[in-house]
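Q: Sequence lines, in order, name chains C and D.
When we follow numbering that gives the first Met the number 0, the leftmost residue of the first sequence carries the number 0, and every step to the right adds one.
When we follow numbering that gives the first Met the number 0, the leftmost residue of the second sequence carries the number 0, and every step to the right adds one.
The set of hints was computed from the structure by calculation and includes no laboratory data.
From a predicted model like this one, the values you see are computed outputs, not experimental measurements.
Glycine residues also receive a C-beta, built at the ideal position from the N, C-alpha and C atoms.
There could be a bad hint or two in this list.
To be verified - Computed far set for chain D versus chain C, every beta-carbon distance over 12 angstroms:
id : residue
1  : Lys46
2  : Pro124
3  : Ile132
4  : Gly133
5  : Gln134
6  : Met139
7  : Met232
8  : Ile275
9  : Gln334
10 : Leu375
11 : Arg408
12 : Gly453
13 : Ser471
14 : Met496
Stated by the list, open to error - Ranges between beta-carbon positions, derived for each pair:
id : chain 1 : residue 1 : chain 2 : residue 2 : range
15 : C       : Ser59     : D       : Ser114    : 29 to 37 angstroms
16 : C       : Glu33     : D       : Lys158    : 31 to 39 angstroms
17 : D       : Asp154    : C       : Asp294    : 45 to 53 angstroms
18 : D       : Gly102    : C       : Lys54     : 15 to 23 angstroms
19 : C       : Asp294    : D       : Ser114    : 44 to 52 angstroms
20 : D       : Glu223    : C       : Ser59     : 30 to 38 angstroms
21 : D       : Thr182    : C       : Gly167    : 51 to 59 angstroms
22 : D       : Ser114    : C       : Gly176    : 53 to 61 angstroms
23 : D       : Ala172    : C       : Glu280    : 31 to 39 angstroms
24 : C       : Pro287    : D       : Pro180    : 53 to 61 angstroms
What the hints assert, rightly or not - Below, simulated DSS-like cross-link-like pairs (lysine-lysine); rule was C-alpha separation at most 27 angstroms, straight line:
id : chain 1 : residue 1 : chain 2 : residue 2
25 : D       : Lys544    : D       : Lys329
26 : D       : Lys46     : C       : Lys191
27 : D       : Lys158    : D       : Lys46
28 : D       : Lys213    : C       : Lys63
29 : D       : Lys388    : C       : Lys191
30 : D       : Lys26     : C       : Lys248
31 : C       : Lys248    : C       : Lys92
32 : D       : Lys329    : C       : Lys163
33 : D       : Lys388    : D       : Lys468
34 : D       : Lys388    : D       : Lys412
35 : C       : Lys191    : D       : Lys153
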Amino acid sequence: MTLCRSKYATILLFVVTLVTIVFVSTVFATKHSELFNSPSFADPDEIMVMPDDWKNKPVSHSSKAGNADIYMTLSYQIYNFFAPRIQAFAREKGFSVDIKQGSCGTSTSALMRKEVDIASFCCSPSRVDHLPGVHFHALGIVPVAIVVNRDNPIDNLSLADLMKVFRGEIVNWSQIGGEDLLIQPVARLHCKTRPGRWRPLDTPDELGTNVLLVGAISDNLNFIARTPGGIGYESLPNIKNKDNHDRIKILNIDGLDPVDLANLARGDYPYYRSYVFTTWEGDHLENPLARTVIDFINAEIKSRGNSLGIIPVEKLKLEGWRFHGDDLAGEPE
Amino acid sequence: MLLVANLQEGTLRQAFESQLTDLMDEKAFQHRVRFSRSVEAYYHAVKMLSAQGPLITYLEERVGEPAPVEVVIVKGKAPIWFPHLSFLRSFLAPRYAIVLDSGRNPLELYQNWPSSPPSELLNLPMEILLQAIGQTHITMIGGTPYLLAAEEVKDGAGKLLGFLLLSSPLDEAFMITSNGPATGWNLVALIDEESKRVMSSNNQQMIARGLMLKALTEDYLFTEPEFLAMGGMELNFRFASLVSKEGIDTMANRVMKKEWVTQILLACVYMGPFIIIIFWLTRRILRLTARVEEFSLYDLGYEQSGAPGMSGDQLDVLEQRFQRLTDDIKKRTSQLESANHELEAFAYSVSHDLRAPLRSIDGFSQALDEDYSDSLDETGHDYLRRVRKAAQRMGALIDEMLMLSRVSRSEMKMRNVDLSSIVASQLQELARLEPERQIEVVIAKGLNVVGDEGLLRVAMTNLLDNAWKFTSKTAGAEIEFGVVKNAAWQNLDHPTMPVFFVADNGVGFDMGFADKLFGAFQRLHRDEEFPGTGVGLATVQRIIKRHNGKIWAESELGQGATFYFSL
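With the sequences and hints as input, model every part of the structure.
A: Structure (structure tokens):
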């Protein structure tokens, strides 16, 4: 009887140990945190020190905005989809919106000048963006896919190898199981000073000298489409919207497919971009209609997120992503 | 031809433009990469230059000093805190380099350009300077887009000493530096996204600042301007690569011209044989027309060339003349046939009507000779015999003429006819009439033709009667009927028709008279030698012709004769 108990205990111990090993290895393997040296988000508590005259300055719309009730910036990556919907929503609610299309730099400048009610970012705000009175609303994230030429036989890369590729430490596809072909990485560094996992490496300075820098989404994808050894990265919705998406191929990272949004929602897939909006808080700053617009965009992402390839913030909260107020502050632990 | 040429030109132009679009896409990609690199270089340059020893020393020496009232402007030779010109020339040539103290007050400005910067550049708001640190930043200063790249300058302990700011307006000079001088094929422009106007280009004369994007489409082709997102861009602009339409047209025309020359050469190669054939055909037509005219004039007796109602080209005229000719020939043929029928009817009628008086002459001559034999002397009897003989000969001639007439007028009933049997039965009949004759007969068996049996029987009877007659004085006479098997003997007019023959070894005839052989009442032998009317072979020829056949003969005096006929 004792022998029997001892036998069961041994088996149980073995099973528990095995499950633990698998669980731990899975967690460590998928979170990849050990491969990144910098945090994915700026410290939300570190607010820029700005002079008093700036602090006291009210929000005043740019002269280009006319007499619109709301003046806002909207990332060019989502402008075409959201701008007409926001306009329609505003008309329905009886107020007017003027929307300026632009990059994160456009939004930062507009915030710095205090000339917009809402600013839009396609990645996590940097230290410089954390201005006094600015309230951040993360509304969703999208996977950033690693793409190669369609004819490349490689379907999967480990995160470690991928980082070596972009550092210029691996220069031939044959080094990672592919053909004897020079690797030609391409990168689009649109938000150079902003943190996040929207680029393959921690900082732009780590990029190898063989990396071709381009400024436009189409240049990024076209280069890969016509270069057999090409490799780059781009937001999943941007890839789907381009004409040449049939000439490029999306790679799995450590076996994780970015097209399956669940991989990113769980925090397993390493690369993503966040859509963050800002409103103002405080006297002479806050525009009550701004919050209405944010709520509308949030509702749109919630209802249409899946088709847009955006994971809504509610889903992120359910999956254990960390928040600081309304802004994202960390991946699931 | 013109339509084909137009279609071809359209297709060529389409192919040219498609190729051009691909080239422009590639060119535009290269332009954007070069522009991005030029912008990016400022970030790397400021990062490197801000760590220079001379700059750090310069700022360390000014720590604690009050902010200067006026910025020191250095022109020409580079200041001690900045690399000299040869370095800048081969690396990066910022229009302006500004050193600021830790309180962001500008200390010195080095201008690598004749004109001074706008005062806003020297008094940048903190929020703009902040955005230029760690990245390039593009903002509007004094109505001109400016590229800014700044970096903090720190001492060895990490203490902030000041800032270094590099800046250049994104003007024509910058665009030329980044993308090369403007040509018809190398034009770039920055387009303001909001106003849709040109912010800058690498040729202000060709593409002036402020020009509407829409206006550009009149003179230039360009790929869809791309939105560039590089670091911190406050401005919202698109980068456009353009090609002058004039340049494209010139090139297209050059290509088209070459293509046209090739097409013309090819057309000559293709058309040459056709032209020769047409020339040859035209000559033939003209000759034929002339022949028709000659025939009309000399054979029919009227002139065609002056005939009314002739119009159109050579073929039309020829067709009209042929039509007129055939109409005329038909009319004349009809008239001839009618006259011929009348003549035949007349001949038949005359022949038929002559027979009754001839019979009376013969009958009464015989009665006179028999009933009044005692009243006549021998001379009278002789005269009466001659009268009777002449009357009988005339009767035979009339019978032959009637036969000839019947042969021409009778309706033909076509069927399969066994010639061999006809020949055999006729020779048997001849042998029965003259049983004393010893003749060797050879008849090829089973020779059949399609024809009128009655007429063919008449023809064969005539031929065999002749053979029988002309061998009457030949010892060891032979008559043969057969078909020619040697191809060389085939009838040339109708090579598929069989050629039959009737041969004998009789007296034959002189081939010099062969052309008279088939004429009516033509005889090659005296009546005393071989009696006959001279109508038989004429009858045979008419029967053969009515069967679309041909008859001819070969002979030699004393060596017999062979009559060939095709059916």
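Q: Now, for every hint given, state plainly whether the structure supports it.
A: Hints, verified against the model:
With a closest Cβ-Cβ approach of about 9 angstroms to chain C, D/Lys46 is found to fall inside the 12 angstroms limit, against its non-interface label. Listed as outside the interface, D/Pro124 is inconsistent with that label: its C-beta sits roughly 8 angstroms from the nearest C-beta of chain C, within the 12 angstroms cut-off. Not every C-beta of chain C lies more than 12 angstroms from that of D/Ile132, the closest at about 8 angstroms, which undercuts listing it as non-interface. Taking the minimum C-beta to C-beta distance to chain C, about 4 angstroms, the non-interface status of D/Gly133 is violated against the 12 angstroms cut.
D/Gln134, annotated as away from the interface, has a beta carbon of chain C within 12 angstroms; the closest lies near 4 angstroms. The non-interface label for D/Met139 is inconsistent with chain C: the shortest C-beta to C-beta separation is roughly 10 angstroms, within 12 angstroms. Non-interface status of D/Met232 relative to chain C is broken: a Cβ of that chain comes within 12 angstroms, the nearest being about 4 angstroms off. Residue placement check: D/Ile275 keeps its beta carbon more than 12 angstroms from all beta carbons of chain C (closest about 52 angstroms).
The Cβ of D/Gln334 sits about 85 angstroms from the closest Cβ of chain C, beyond the 12 angstroms cut-off, so the non-interface label holds. With a least beta-carbon separation of about 133 angstroms from chain C, D/Leu375 lies farther than 12 angstroms from that chain, consistent with its non-interface assignment. Every C-beta of chain C lies more than 12 angstroms from that of D/Arg408, the closest at about 91 angstroms, which supports listing it as non-interface. The claim that D/Gly453 lies off the interface holds: its Cβ sits roughly 90 angstroms from the closest Cβ of chain C, which is beyond the 12 angstroms cut-off.
The claim that D/Ser471 lies off the interface holds: its Cβ sits roughly 107 angstroms from the closest Cβ of chain C, which is beyond the 12 angstroms cut-off. Under the 12 angstroms C-beta cut-off, the non-interface status given to D/Met496 relative to chain C holds; the minimum distance is some 76 angstroms. A hinted range of 29 to 37 angstroms for the beta carbons of C/Ser59 and D/Ser114 is consistent with their spacing of about 32 angstroms. Between C/Glu33 and D/Lys158 the C-beta distance comes to about 34 angstroms, which sits within the given range of 31 to 39 angstroms.
A C-beta distance of roughly 50 angstroms is found between D/Asp154 and C/Asp294, which places it inside the suggested range of 45 to 53 angstroms. In this structure the supplied range 15 to 23 angstroms holds for D/Gly102 paired with C/Lys54, their Cβ-Cβ distance being about 18 angstroms. The beta-carbon spacing between C/Asp294 and D/Ser114, approximately 51 angstroms, falls within the hinted interval of 44 to 52 angstroms. Remark: the range hint 30 to 38 angstroms for D/Glu223 to C/Ser59 is upheld by a beta-carbon distance near 35 angstroms.
About 35 angstroms separates the C-beta atoms of D/Thr182 and C/Gly167, a value inconsistent with the hinted range of 51 to 59 angstroms. A hinted range of 53 to 61 angstroms holds for the C-beta pair D/Ser114 and C/Gly176, which are about 58 angstroms apart. Checked against the given bound of 31 to 39 angstroms, the beta carbons of D/Ala172 and C/Glu280, roughly 45 angstroms apart, lie outside it. Here the CB-CB span from C/Pro287 to D/Pro180 is close to 54 angstroms, well matched to the stated 53 to 61 angstroms.
Distance restraint check for D/Lys544 and D/Lys329: the Cα-Cα separation of roughly 21 angstroms lies within the 27 angstroms cut-off, and the hinted pair is therefore satisfied. For the suggested pair D/Lys46 and C/Lys191, the alpha carbons sit about 14 angstroms apart, so the restraint of at most 27 angstroms is met. Of the supplied pair hints, the one linking D/Lys158 and D/Lys46 holds, its CA atoms being roughly 16 angstroms apart against a limit of 27 angstroms. A threshold of 27 angstroms between alpha carbons decides the hint, and for D/Lys213 with C/Lys63 the separation of about 21 angstroms falls inside it, so the pair holds.
A C-alpha spacing of about 144 angstroms is found between D/Lys388 and C/Lys191, which places the hinted pair above 27 angstroms, so the restraint is violated. Of the pairs offered as hints, the one joining D/Lys26 and C/Lys248 holds, with about 25 angstroms between alpha carbons and a cut-off of 27 angstroms not exceeded. Taking the CA atoms of C/Lys248 and C/Lys92, the gap is about 43 angstroms. The hint is violated against a cut of 27 angstroms. In summary, the hint linking D/Lys329 to C/Lys163 is not supported, as the alpha carbons are separated by about 103 angstroms, beyond the 27 angstroms threshold.
This hinted pair checks out: D/Lys388 and D/Lys468 have alpha carbons roughly 20 angstroms apart, not beyond 27 angstroms. Distance restraint check for D/Lys388 and D/Lys412: the Cα-Cα separation of roughly 38 angstroms exceeds the 27 angstroms cut-off, and the hinted pair is therefore not satisfied. Only pairs whose Cα atoms come within 27 angstroms are accepted, and C/Lys191 paired with D/Lys153 is accepted, the gap being roughly 21 angstroms.
The structure is inconsistent with the numbered hints 1, 2, 3, 4, 5, 6, 7, 21, 23, 29, 31, 32, 34, although it conforms to all the rest.
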